[in-house]
Amino acid sequence: MKPLSIYVSILLALLLQLLPWSGWGLLLRPDFILLTLIYWMLRAPQHCSIGTAWLVGIVVDLINGGLIGQNALAYTLTAFFAANYQRRLVLFNVGEQAGYVLALLLLAQVILFVVKLFGGGEAPGWTYFLASFTGIIFWQIVSFSRLGNDIHLHPH
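Okay, so the sequence shown: first residue is 51 according to this note's numbering, each after it adds one.
It should be emphasised that the hints constitute simulated quantities derived from the structure, not laboratory data.
Don't be surprised by glycine CBs; every beta carbon is placed ideally from N, CA and C.
Among these hints, one or two may not hold up.
With beta-carbon atoms standing in for the labels, derived distance ranges [to be verified]:
hint	residue 1	residue 2	range
1	Lys52	Glu172	37 to 47 Å
2	Leu76	Asn143	30 to 40 Å
3	Pro70	Asn143	30 to 40 Å
4	Leu105	Phe168	20 to 30 Å
My request is simple: use the sequences and hints to build the entire structure.
See below:
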């Protein structure tokens with residue numbers, strides 16, 4: 051696996067994240083960057099690490115113009131749990147893997163939620179967590195594609 055393809059896919063995920071989403075699209079938009087990081091942490095952990103997640107999180111924080119470090123914290127902690135269970139996770143069936151990835155996506159959202167509350171922001175409603183569930187739909191699409199099958203064929 052070439053690191054260039056990893057960086058290009060993270061850049062594409064960043065571009066998807068930066069599209070001008072509005073209304074329900076904004077509520078349902080999964081964290082494409084985090085999904086991409088989780089994918090590569092499972093597929094190529096030697097090229098995509100917790101440090102990569104931290105660096106990408108800082109870039110996202112700088113681009114969003116919000117509190118510096120909030121996405122870095124969420125991505126780093128999520129990446130830690132993805133890396134910690136990577137060897138087991140690649141052996142899970144698609145349903146079990148989707149459940150674990152959903153937990154990772156929700157973890158990142160809860161971290162961002164708590165940081166927002168501590169930063170004096172208003173508590174978003176229950177729709178805030180819809181993005182994790184749409185993220186699982188995208189995860190399932192990748193899992194049933196050729197790319198997703200590679201995860202199960204090459205556990206590291």
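Please list, smallest to largest, the hint numbers that this structure does not respect.
Those not satisfied: there are none.
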